[in-house]
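Q: Protein chains in written order, with the numbering used here: chain V, -8 to 423; chain F, -8 to 423.
These are calculated hints, taken from the structure and not from any lab test. For glycine and all other residues, C-beta sits at the position ideal for the given N, C-alpha and C. Worth double-checking, as some hints may not be accurate.
Stated by the list, open to error - Part of the chain F face toward chain V, derived, beta carbon under 10 Å:
1. Lys19
2. Ile44
3. Ser47
4. Leu50
5. Arg131
6. Gly293
7. Leu295
8. Thr299
9. Ser300
10. Val302
11. Ala303
12. Leu305
13. Val316
14. Gln325
Stated by the list, open to error - Simulated restraints on C-beta separations:
15. Asp183/F / Glu105/V: 41 to 47 Å
16. Ser262/F / Lys412/V: 28 to 34 Å
17. Lys249/V / Lys249/F: 27 to 33 Å
18. Asp210/V / Leu56/F: 41 to 47 Å
19. Glu168/F / Ile44/V: 57 to 63 Å
20. Glu168/F / His221/V: 48 to 54 Å
Number of protein chains: 2
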Amino acid sequence: MEAISIGLLGLGTVGSGVVKIIENHQEKLLHQIGCPIKINKVLVTDLTKKRDIELSLDLLTTNALDIIDNPNIDVVVEVMGGVEETRRYLLQALKNKKHVVTANKDLMAEHGSELLTAAAENGCDFFYEASVAGGIPILRSLVEGLSSDHITKMMGIVNGTTNYILTKMSKQGSPYEVALKEAQELGYAEADPTSDVEGLDAARKMAILATLGFSMKIDLEDVKVQGITHITEEDLQYAKQLGYTMKLIGIAVLEDDKVEVSVQPTLLSDSHPLASVNNEFNAVYVYGEAVGETMFYGPGAGSLPTATSIVADLVVVMKNMVLGVNGKRIITPQHEKKLKKPAEIYSKYFLRIHAKDELGVFANITSIFSHHGVSLEKILQLPVKEKGIAEIVLVTHNASLQAYEDVQAELEALQSVHHIKSSYRVEGNGNS
Amino acid sequence: MEAISIGLLGLGTVGSGVVKIIENHQEKLLHQIGCPIKINKVLVTDLTKKRDIELSLDLLTTNALDIIDNPNIDVVVEVMGGVEETRRYLLQALKNKKHVVTANKDLMAEHGSELLTAAAENGCDFFYEASVAGGIPILRSLVEGLSSDHITKMMGIVNGTTNYILTKMSKQGSPYEVALKEAQELGYAEADPTSDVEGLDAARKMAILATLGFSMKIDLEDVKVQGITHITEEDLQYAKQLGYTMKLIGIAVLEDDKVEVSVQPTLLSDSHPLASVNNEFNAVYVYGEAVGETMFYGPGAGSLPTATSIVADLVVVMKNMVLGVNGKRIITPQHEKKLKKPAEIYSKYFLRIHAKDELGVFANITSIFSHHGVSLEKILQLPVKEKGIAEIVLVTHNASLQAYEDVQAELEALQSVHHIKSSYRVEGNGNS
C-alpha cells in the first residue's frame, strides 16, 4: 500500500490535535502500520480563519462532498460534532466504502446502531473510542480485554465538568455558582453548561457504554437522569460526616438479563476506587463476574487526549486496511433490550428531611419506611435549625426504587414534613 | 472454520479458570469469533489428581508432545510456569505453527524477545497480557489505546502481595511479620515470599511494561530493585505525617531517548492516583505526552482474573484465525536500548538519620547536602529518641541519584552520624 489517505470533517481543537499527532508521530505510525498516512482534505467552515496549526490552503475545503465523495480518501475522521447533518455525511461516506472514526457521543447515543449496521453492510470499519471518556481506552477494554467476561455493573464518572464542580464544592467548600464559574474560566465548562450539569452528556456516554458492555441496544431515553444543580453545601457536609463522597455517577447494572441505567448524584463510600477521582478527571469502574473490579482512569476530554483516542482508532483501521480485514470485527448488540422496572431496581438511599420538631413526628416518619419494607441503616437527628424545625438525615438499607418512591410520596403528603430537602442514591458502606 | 482447537499446558488454578470460562461462555465466544472453541488436550503432572473441574480423562496427558506436536491443535495456552523447559516447549509449538498465549512473566522477562521473534518468523500470534497485572488489560492499552502517543513515564503497583502487606502496615499499624503472615493465610503470599517481598516479581513485570511502552528491549538486569522487608513502622508514620503513602512502586521513565527502570519502596503524594490503590489490587499509571495521566486498576492476580486475560488474548488469536491474519501484528522493539546513568536519574528522596545530639552536627549534615548541590525541601528535627541520639528526617528537592549516593556515602563516613536508618524515593509533593 502506498499511503493511507485521510479526510477530516472539522478542524476545531480536537481536529487540530489529530493533525498534530499524525504529523509528530509519522515514524512511530509508519513502524506500526507499515505504510505512511497522508491528510488529504479537511472540512472547515472558514477557509481564512487563523489557526494554530499550519495546513496548506489546498488541503482545506468548505464542501463536505470533497471528502465523503472523494475516491482518493480511505478514512473519514469526524470531529465536526452535530447530529443530523453529520449522520447523513457518515452514512454517505460508508456507502462510498470509507472507514469512519468519530468522537461524537451525541451521534453515537442517538444513531449508533444505524451507523454500525451501515458500516458492517459496506465492509467498513467504524470506531468511536473517543466518544466516551476522551483519553481512556474504555470501549477497547470492554470489547477486547473483558471480551470473555460477563460484565454485570459499570459505574462511571464520565463528565469532567461536573466532577470538577463537585470536587471544588466538596474539597474547598465553594458554592455551586462559584465552582461553575471557575470551571468555565478554565475551559472545563461551556458558556451554557446545561448539557453537562443536568447530566445529559453523561447519560449519552452511559447509553454507549451500556450498549457495548451488555451487548444490548440502550437508548438515551432508557437512561434515568438527574443533574447536580440542586446539590447543597449541607448535603456535602453530611456526605463527608457519614464517610461518603458525592459524585455524579452513571450506573449501569445487568441482573437476570435485565438492565437499569441511570445518571445521578450519588454518595459513594470513601473507600470506593471512584471516590478519589477528582477534578476534571474521568474514570469508568467495571465489575465482571470473572475479573472482579477494574477501573480505567484518565482525562475525559481535552483536545490532545481525545485526539490520541481518535488516532488509536485510526491505527486499527489502517492496520486492518493493510491486512484487508476491515469491517470484520463490528459487533452489534446480541441481546434483546429488557429494562428493569422500578420494583426491580435496588439501591440504598440518602434522604434529608425538614420536619416539625414535635413529639411523635419522628416515629411517624420511620413508620412510613417500615410500612413499605424499607429498613434504615443510619439515622442522624440533628439540632433544630430554625425554631420548630428538625433536620433528619436517613440512609436506607437496600430497597427497591418503587418502595423508596412510595415512601417519598407518603412523606411529602405528611402534614408534619415540611420538605424533602434532598435525596440521593448511595453506593457502598461509608463509615460503618 | 469448523472449530478452533486448544491445547492447555498446565491445569492449576489459572488453567482451571480458563477451562471454566471457555465452558461457561460458549455462546458469547461463538457470537464474537464465529466458530466454536474446543479444548483438545491438557498437560498435567498427575492424571489421577482430584480437581474441582471435571474433564474427561482422555483430554488429559502427561506428555507435552501430545500438545506441542499435535497437528490438530491450533493454539497453545501456557499456564504451567517455569522458564527453561517452558521456553523449549513454546519454541517447538511455534515451529509447528501453533499460536501461543501465555501468562508467564518470568519467561517473558527473560526470553520475551526470542519468543516474539520466533512467533513473527512462523507467522504465529503470541500474546501475554496475563503476565502483567492479571486482570488489567494494560498491555493491550499500551499497544493499541496509546499507540499514537509518546509514553514518557509508567508507574506501577504490580505486585499484590507487597501492596497488601504495605496497606495493612500503613492502615492498621500491623508489623511487617504480622501483615506477611496474614497475606500468606489469605493466599496472597506464598510460603516462600522472597520473590514478592524482595521486588523481583515486580521487576519482571516492569521489564515487560518498559519494553512494550518504550519500544526498547529492557532486561531484568536493567531494573534496579529494592524490596519492602526493611520498611519500619517509623518510616510509615513519617510518611503519613508528611502527606505521603508508602507503596512498592515500579517506575519506568523515558527522557532524551534514555530509560531508567526501578522497583523500590516509594513515598507517593497522598493525592497521586496510585496512593489510593489498596490491599491486593494492582494499578498501572501511564503518562503520555498527548493523553496526559491515565491509570488502569484491577486485580493483579487470582485464577479467574488471570484466566479472563488469557481468554481475551485467545479471542484475538481466534478472530485472527478466522480472518487469516495471524502473526501480522507482532511489534518488536523499535529503539536501541539506552539506559540512564546515575547522574542522569533525577528524583526526590526521603532520608532518616540517627546522629549524635550535639552542637554542630546538624550543620555538618546539611552542609554535605549543599556541597553536593542537593537542596532540601523538608526537614524534621525530632525529639531525641535515646539519650544522646537525634533523629533527623529530610526530604530533598529533585537531585541526581549520583549526587544523592555521594551524599549518603559522606554521611555514612561522618563520625557524628550513627546510622542512615532509611532512604526512599519520593514522588509528588506531600503536604506543601
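Q: Look at each hint and say if it fits the structure.
A: Now the hints, each set against the structure:
1. Lys19: holds (7 Å)
2. Ile44: violated (14 Å)
3. Ser47: violated (22 Å)
4. Leu50: violated (20 Å)
5. Arg131: holds (6 Å)
6. Gly293: Gly293/F check passes; min Cβ-Cβ to chain V is 7 Å, inside 10 Å.
7. Leu295: Status holds, d = 4 Å.
8. Thr299: It holds, given that the least Cβ distance between Thr299/F and chain V is near 5 Å, below 10 Å.
9. Ser300: holds (7 Å)
10. Val302: holds (4 Å)
11. Ala303: Holds - the Cβ of Ala303/F comes within 10 Å of chain V, reaching about 5 Å at its closest.
12. Leu305: holds (8 Å)
13. Val316: holds (5 Å)
14. Gln325: holds (5 Å)
15. Asp183/F / Glu105/V: 41 to 47 Å: At roughly 58 Å between Cβ atoms, Glu105/V and Asp183/F fall outside 41 to 47 Å, so the hint is violated.
16. Ser262/F / Lys412/V: 28 to 34 Å: At roughly 32 Å between Cβ atoms, Lys412/V and Ser262/F fall inside 28 to 34 Å, so the hint holds.
17. Lys249/V / Lys249/F: 27 to 33 Å: Once the Cβ atoms are compared, 55 Å apart, the range 27 to 33 Å for Lys249/F and Lys249/V is violated.
18. Asp210/V / Leu56/F: 41 to 47 Å: Violated, at about 54 Å.
19. Glu168/F / Ile44/V: 57 to 63 Å: holds (59 Å)
20. Glu168/F / His221/V: 48 to 54 Å: holds (52 Å)
Hints 2, 3, 4, 15, 17 and 18 from the earlier list are contradicted by this structure; the remaining hints agree with it.
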